[in-house]
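A.B. asks: Build the complex from these two chains, which are given one at a time in their own frames, with help from the hints.
As they're listed, the protein sequences go chains A and B.
FYI, the numbering used here numbers position 4 of the first sequence as 21, with every residue one higher than the one before it.
FYI, the numbering used here numbers position 131 of the second sequence as 138, with every residue one higher than the one before it.
FYI, nobody ran anything at the bench for these hints, they're computed from the structure.
The beta-carbon is built from N, C-alpha and C at its ideal position, and this holds for glycine as well.
Hints may contain errors.
[Stated by the list, open to error] With a straight-line cut-off of 25 Å between C-alpha atoms, the simulated DSS-like cross-links for lysine-lysine are:
id, chain 1, residue 1, chain 2, residue 2
1, A, Lys101, A, Lys140
2, B, Lys31, B, Lys80
3, A, Lys131, A, Lys101
4, B, Lys107, B, Lys93
5, B, Lys31, B, Lys93
6, B, Lys64, B, Lys90
7, B, Lys80, B, Lys64
8, B, Lys147, A, Lys75
9, A, Lys76, B, Lys31
10, B, Lys64, A, Lys75
11, A, Lys76, B, Lys167
12, B, Lys31, B, Lys107
[Claimed, not checked] From chain A, some residues computed to sit far from chain B (all C-beta separations above 10 Å):
id, residue
13, Thr33
14, Asp34
15, Lys35
16, Asp83
17, Arg103
18, Thr136
19, Thr145
20, Cys148
21, Arg174
22, Asn179
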Amino acid sequence: MIKDITQSEATEDGITDKQIDALIAKHQTDRNGVIDILEAIQASYGYLPPHALRIVAKKMNRSLVDIYGVATFYQAFSLRPKGKHRIVVCLGTACHVRGAPAIVEEFERQLGIKAGETTPDMKYTLETVNCLGACALGPIVVVDERYYSKVIPTQVRDIINNSHSGDRDTADSHQQQKTIGEAVPS
Amino acid sequence: MINLVINGLPVAVEEGSTILEAAKYLGFPIPTLCHLEGLSNYGACRLCVVEIGEGPKARLVSSCTYQVEEGLKVRTASARVVKARKMVLELLLASCPQSKVIQDLASAHDVRQQRFRQEHEDCILCGLCIRMCEEQMMAKAIGFRNRGENRSIGTPFDMKSEECRLCGGCMYVCPACQLRCTYMEPEKAICGGCANLSPPCLEKSSFEDMMCYMDPCVACEIRKD
Ligand code: FES
Ligand code: FES
Chain A
18 MIKDITQSEA TEDGITDKQI DALIAKHQTD RNGVIDILEA IQASYGYLPP HALRIVAKKM
78 NRSLVDIYGV ATFYQAFSLR PKGKHRIVVC LGTACHVRGA PAIVEEFERQ LGIKAGETTP
138 DMKYTLETVN CLGACALGPI VVVDERYYSK VIPTQVRDII NNSHSGDRDT ADSHQQQKTI
198 GEAVPS
Chain B
8 MINLVINGLP VAVEEGSTIL EAAKYLGFPI PTLCHLEGLS NYGACRLCVV EIGEGPKARL
68 VSSCTYQVEE GLKVRTASAR VVKARKMVLE LLLASCPQSK VIQDLASAHD VRQQRFRQEH
128 EDCILCGLCI RMCEEQMMAK AIGFRNRGEN RSIGTPFDMK SEECRLCGGC MYVCPACQLR
188 CTYMEPEKAI CGGCANLSPP CLEKSSFEDM MCYMDPCVAC EIRKD
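Looking at chain B on its own, in the form it has when it is part of the complex (with noise of 0.2 Å):
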């Protein structure tokens, strides 16, 4: 067992946990994002953010991938990873901002502005759909590809995958593409569109080219052919 301090409260946790576990534990309630029981971690929102250490060497570390140390000091609502945090919410809602997670999120945190330029993007990278696919799902049928500013998540190719078995679990646990439509960029890859129950896809004229590379649509099964 390893013994650590987490704001002020004495806990004792398993060796390997990591401080998002421990904190849950005592009930610190902390914002997660990329974060979700059965995957493994990956620390790509940066919204779990706590504070370790004392004085000078205090710092911010993401406790979904940090694991416990004997001793170790945590605050989990200290103003600097408060201040940290709303920045994350800010930086996420300008690149996603039609997310309806990213957006109950801020709300939650008090975050009604962002100050950075304002981007749409479909994916805030995070990286669950690709964990899920291969962790629980055993498929493998897509990853990240290329790096940089140009990273996606894809099939590689862009094809429709061989090892796809639609089961739409990338799907499920995007949380920034619930209830979009890519509309006429196939090529933007899951749609989500057929998350929802009515597409708005059903109302337009042309089927052709509207369904992400899962056709056919798990959910409303246009098919593009």
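Extracted from the complex, chain A is given alone in its bound form (with noise of 0.2 Å):
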């Protein structure tokens, strides 16, 4: 049986059908701009969720298999729902040969989640990325925009309750960066 999924994850949610289709309406072209589209998506709820996918899949008169394997093809679109913090470690040849698959381990038994999940209670979410274009200082971790490099495991405790100060207090951030690694200008 075939449940119709796209209602009960519209209330689960919160998205109305409304939203999306006004996201549609304004990247639509012809029968592109699916990747505009899901980018818009993306920007307002941080993540693809499945609902939207079919609606932009009836909209656009494709198969959901078309938008489906666009959403996940794309590393920049995700399907689960990000934490509030994204931490994103480089495994870039660089940064690995300077040992960032040793941060990535830090980072996830710490965190308790694997590289691409996310925290229960949605606070963070980990990833790894294929070079950030600042090699000659890596291993590199960037969370929430802020760039720590140089990066060694003793760190990565420090870094993620930098993160979550951060949350109060931006104001002291900038200090405590400073004291942890060397700030990348960006």
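C.D. replies: Next up, the structure:
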């Protein structure tokens, strides 16, 4: 039996068809613009709700597999809600040889999640990327647009705590960041 | 009409045909795996390699996707081609050794061993099932998902598809999954257990979760619920 997933999900994440429709109308060009639309949805909700993908497929007269294929192809899209803080560890070649895998492991251990996952309390999402273009300063960790360079595993705890404190007190976060690693001018 | 030379024999074929078609016309055998008449050409398996051009400019192309050009010189069985083809077969064997189709192809080309790390994939991502589903069955129930080493074929969200009409076309064309059952891993999608006359799963005690997302199974009609 095929359940009407559309209905149940709509109520769950409180997304109405209207909102999605509006985003589609704004970005649709002929039969293209799928990526633009998905980007807009991702920007509004922080992820791509399955329900939204179904609406997009229907509106664009495409099969759901097409939309789903695009949504899963690009790293920028996420099908799962993201945590409040986004921790990105570079696993590019340069960072890799400078010990990034150990950093990832440490994050995984401390947060209790695997790379690509989000903590159950929706606070942190741990991701990896393949090069951020600052290889000489590797291993690089980015937390909510804040860059940490030459990270070593013992700093991981501080980095996590720091992102946390940044919630309440953005003023001295800059200060703290300096004490942890060299700030990378971005 | 386009004139080209295949293995030294001149031939004229219609514009827009592929090297594979021209070679078939002349009777030169080229092995294929991801090519099927009636479906679009996809060029995934590279088994159909041929060599075109001459001298230092000679290069290998997949004949099922390469359209004929005026004056093209093609060799379908040069040493380089044979070597490349064997390598492709070895790689296929390395990823999906249980496939009867691949085994047969390998033995036909005298490949008895492969030198890569042995894996046991369910799928070689040839895309035959996707094209079957879309182009012949007009369903578009399955497609590629993710990318790179995570690429896989299946339905969106791994859920039973609303488009799928259980035609079984995907299993029919699959070169990898015949006579296989994923048993306890239904998420591995197309199980092919049902293509078997007496599915191995029938003997097992628990029937839950052993069928693919196409349940109820087309052939054996064991229901999951
Ligand atoms: S490899 Fe990490 S920034 Fe380039
Ligand atoms: S048959 Fe040509 S690439 Fe597979």
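A.B. asks: Hint by hint, say whether it matches the structure.
C.D. replies: Consistency of the hints with the structure:
1. For the hint linking Lys101(A) to Lys140(A), the alpha-carbon distance of about 5 Å falls within 25 Å, and the restraint holds.
2. For the hint linking Lys31(B) to Lys80(B), the alpha-carbon distance of about 15 Å falls within 25 Å, and the restraint holds.
3. For the proposed pair Lys131(A) and Lys101(A), the alpha carbon gap of about 16 Å is at most 25 Å, so the pair holds.
4. Restraint check for Lys107(B) and Lys93(B): the C-alpha separation of about 17 Å stays at or below 25 Å, so the hint holds.
5. A threshold of 25 Å between alpha carbons decides the hint, and for Lys31(B) with Lys93(B) the separation of about 20 Å falls inside it, so the pair holds.
6. Distance restraint check for Lys64(B) and Lys90(B): the Cα-Cα separation of roughly 18 Å lies within the 25 Å cut-off, and the hinted pair is therefore satisfied.
7. The suggested pairing of Lys80(B) with Lys64(B) holds, with an alpha-carbon distance near 11 Å, which does not exceed 25 Å.
8. A hinted pair counts as satisfied when its Cα atoms are at most 25 Å apart, and Lys147(B) with Lys75(A) qualifies at roughly 13 Å.
9. At most 25 Å may separate the alpha-carbon atoms for a hinted pair to count; Lys76(A) and Lys31(B) exceed this at roughly 44 Å.
10. Between Lys64(B) and Lys75(A) the alpha-carbon distance is near 48 Å, which puts this suggested pair outside the 25 Å criterion.
11. Of the supplied pair hints, the one linking Lys76(A) and Lys167(B) holds, its CA atoms being roughly 21 Å apart against a limit of 25 Å.
12. The suggested pairing of Lys31(B) with Lys107(B) holds, with an alpha-carbon distance near 24 Å, which does not exceed 25 Å.
13. The Cβ of Thr33(A) sits about 21 Å from the closest Cβ of chain B, beyond the 10 Å cut-off, so the non-interface label holds.
14. The non-interface label for Asp34(A) is consistent with chain B: the shortest C-beta to C-beta separation is roughly 17 Å, beyond 10 Å.
15. Residue placement check: Lys35(A) keeps its beta carbon more than 10 Å from all beta carbons of chain B (closest about 23 Å).
16. Non-interface status of Asp83(A) relative to chain B is broken: a Cβ of that chain comes within 10 Å, the nearest being about 7 Å off.
17. Taking the minimum C-beta to C-beta distance to chain B, about 20 Å, the non-interface status of Arg103(A) holds against the 10 Å cut.
18. Every CB of chain B lies more than 10 Å from the CB of Thr136(A), the least distance being 22 Å, so the non-interface label holds.
19. For Thr145(A), the shortest C-beta to C-beta distance to chain B comes to about 13 Å, beyond the 10 Å cut-off, and the non-interface label holds.
20. Listed as outside the interface, Cys148(A) is consistent with that label: its C-beta sits roughly 15 Å from the nearest C-beta of chain B, beyond the 10 Å cut-off.
21. Interface exclusion of Arg174(A) from chain B stands, the closest Cβ pair being 30 Å apart, more than 10 Å.
22. The non-interface label for Asn179(A) is consistent with chain B: the shortest C-beta to C-beta separation is roughly 32 Å, beyond 10 Å.
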